[in-house]
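As given, the protein sequences belong to chains B and R, one line each in that order. Take 1 as the starting number for the first sequence in my numbering and just add one per residue. Take 1001 as the starting number for the second sequence in my numbering and just add one per residue.
The hints are simulated quantities; they were obtained by calculation from the structure and are not laboratory data. Values in this document were obtained by computation on a predicted structure and should not be read as measured data. There could be a bad hint or two in this list.
List time: in silico SDA-like cross-link candidates among lysine to any residue, alpha-carbon distance up to 20 Å [claimed, not checked]: (1) K212(B) x N1074(R); (2) K213(B) x F1077(R); (3) K212(B) x T1073(R); (4) K258(B) x R241(B); (5) K213(B) x A1035(R).
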Amino acid sequence: MLTNRRQFLGLSAAGATVLLPGSPARAEKLPTKARIVILGAGAAGTAMANRLAQRLDGAKITIIDARKQHLYQPGFTLIAAGLKPAGYSVSATSDWLPSDIEWISEAAAEIDPTARKVVTTDGKAVDYDYLVVATGLKLDFDAIEGMSLDLIGKDGIGSVYAGPDYAAKTWTAMDRFTETGGVGLFTRPATEMKCAGAPLKYTFLTDDYARKKGTRGKSEIIYAANNKTLFGVPIVNEKVRMLYEDRGFNTVYDHVMKAIDPGRKIATFATPEGDTEIGFDFTNVIPPMRAPDVIRDSALPWADKWTDQGWVEVDQYTMRHRRFPEVFAVGDVAGVPKGKTAASVKWQVPVAVEQLVAQIDGRESAETYNGYTSCPLITQVGKAMLIEFDYKNNLTPSFPGIIAPLEELWISWLMKEIALKPTYNAMLRGRA
Amino acid sequence: MKDVSIGMFIAVFEEIFGAGLFWGMVAVAGLILLAFVWQILREHRLESRRFLRAELWAPVGAVAAILFVQFVTNSGFSDIGGPIDVIVLILIGSAGAIGLTILTYVLLGLLPGRQKEAGR
């Protein structure tokens, strides 16, 4: 009997060994003395650091970022909907970085891609053979006249994007608004932006709370689109337009917020017919988004595209810089037509790593990024549409025939609420 | 999604529960299943009376599993939006029902006095 049990246990142990995950680290490591500098320890920079550490043997990897906190940004919507506390999105940068790399906890002040050098805010010069730009982007609140961060949570002003604490303050303001009713005003900027679905989600969520609290009849919900569409992918745009009609939202097009007056509770919009004012009792301010100043001041941005925004000039398929082949950009700062989301990072990072490793090894890689991005578009608490698409505006469902992308589903909500953050964390560690 | 693999799903589950708890739960589930098979092998049959009694707990397991998922998420029955949601609901219920049935069968088999009855 005992022998049998031992055999059983032995078998189980063997089974467990077979089942243990085969991570990319299992691939043979490439020996190299390359000096690799990663700018930014957000989603893209951290995932790059872990994957490169898994793939390279002997490389000197340095990550430069002053931020001690790592923010899980896809959680901001849940915080601003009162479903998670502000701490849900906050962890320590150091929790995620591999032990065998150097972390300089300063910001980059200057990038010289010709001399292959980065200078930090403390004046430290760091030379590199390869540079990965993953700084993320800057929320340009100053571009909206009258707006400042200290207004968030007061006078009906919210801003989901501004950070976890501001998302929590936004929830306070939205909770108050949906108790009383009034005019809810929702906008999006005219620049490229991270997660273009988030402004739509928050409009849906506010509507949902107003309905559940019985104040929807006393509320008007206005959505001010920056151009003539609600979403850049035509088939999704049509679906959202139908849902907006179903929910009774008033949509105005070609409206870009340029000023806000918290005292009078009036927002001013630039439109093709000139400036126009819209009053609000609650609004979710989303500022223009641009590359950080250190990028815009360098030679890295596109010269003929997004000139007011400064995204890094990379090949949209390889993530490699078009003029400086030893420079890569991943995440929000990359100048590609789509993909300022964590879901895009999850695809971009393995591609950039393969391209970079192949370059060190003196060969070419066939790995490419197809523009994939994903948006669990929440349409009420408990339901979402799992929308995935690529550069060509094709829908690219991960579970075709099983999870319909344009249906409001519970399973899509479950994925957002249960599986997304663990998937993100696994991505940070280079395991997904 | 790029690279949908078993390794990725395991990594995600490890992140949800923590590696220790996840593999602990897998081990416990595996041990219960092994005990179930071991009882059948030892008794040379599935003891029908005990299995029937165990099956009485199936609805409890089904309802408990569904309510548990709704409890840990901000969602409820009114969020069922399409056929796949009904299928997911059935799968969660089935998992709870089968799990509790097997667990009950094993526990009944381990109770003193029951083994004799089973061996008759």
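Each hint, compared with the structure:
no., hint, in the structure
1, K212(B) x N1074(R), "holds, 14 Å"
2, K213(B) x F1077(R), "holds, 19 Å"
3, K212(B) x T1073(R), "holds, 18 Å"
4, K258(B) x R241(B), "violated, 24 Å"
5, K213(B) x A1035(R), "violated, 51 Å"
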